[in-house]
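K.L.:
Sequence:
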Amino acid sequence: KRIAQRDWGERDSLSLQNDLANIVMANFQETQDGTITPRFERSNHLKVVEAFWNHHPSSLFSSIKCPVLNMPARLNDDETSRQTLRKNLIAQAEKDIDKFKTVWLEHSIHDVPLQRPILVASTISSHLKEGFFN
21 KRIAQRDWGE RDSLSLQNDL ANIVMANFQE TQDGTITPRF ERSNHLKVVE AFWNHHPSSL
81 FSSIKCPVLN MPARLNDDET SRQTLRKNLI AQAEKDIDKF KTVWLEHSIH DVPLQRPILV
141 ASTISSHLKE GFFN
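Residue numbers (this note's numbering): 21 to 154.
FYI, nobody ran anything at the bench for these hints, they're computed from the structure.
Keep in mind that a hint or two might mislead.
[Said to hold, decoys possible] The calculated lysine-lysine pairs, modelled on DSSO-like cross-linking and capped at a C-alpha distance of 27 Å, are: (1) LYS149 <-> LYS119; (2) LYS85 <-> LYS115; (3) LYS85 <-> LYS121; (4) LYS107 <-> LYS85; (5) LYS119 <-> LYS107.
Assemble the whole structure, with the sequences as input and the hints as a guide.
P.N.:
What follows is the structure, given as structure tokens:
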């Protein structure tokens, strides 16, 4: 299985207690002939991809009235065009959303809740305790 060889990066103790391949494979099913198929049909997946492509969340930033804790994962400091786009969107959100804070989850992959659940939980918890969401 390709998923068994996936590089999950540096995982925390809670993540290490779980088989992440099994968690990811819960998105798929094995048919009687041994074929692996996604539970989310391709046609629906393509609708989601199209909606993401056509959606411009920055146009909605000014309508957000609740506190926003943005926790983007960042694996390294490489300055790619994607990183520049992310930074520009964050700057726009900081300008347009009254209470917006970014906490970069460093050395983390896209699936950071699987890789480092303690970091995600502690970041949210500390902001709750500090009254960020009040």
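K.L.:
Please go over all the hints and tell whether each is borne out by the structure.
P.N.:
Hint check:
1. Between LYS149 and LYS119 the CA atoms are separated by roughly 16 Å; this keeps the pair inside 27 Å, and the hint holds.
2. At most 27 Å may separate the alpha-carbon atoms for a hinted pair to count; LYS85 and LYS115 meet this at roughly 13 Å.
3. In summary, the hint linking LYS85 to LYS121 is supported, as the alpha carbons are separated by about 14 Å, within the 27 Å threshold.
4. Distance check on the hinted pair: LYS107 and LYS85 sit about 21 Å apart at the alpha-carbon level, within 27 Å; holds.
5. Taken as a hint, the LYS119 and LYS107 pair is honoured in the structure, with Cα atoms around 17 Å apart against an allowance of 27 Å.
In terms of the numbered hints stated before, the structure departs from none.
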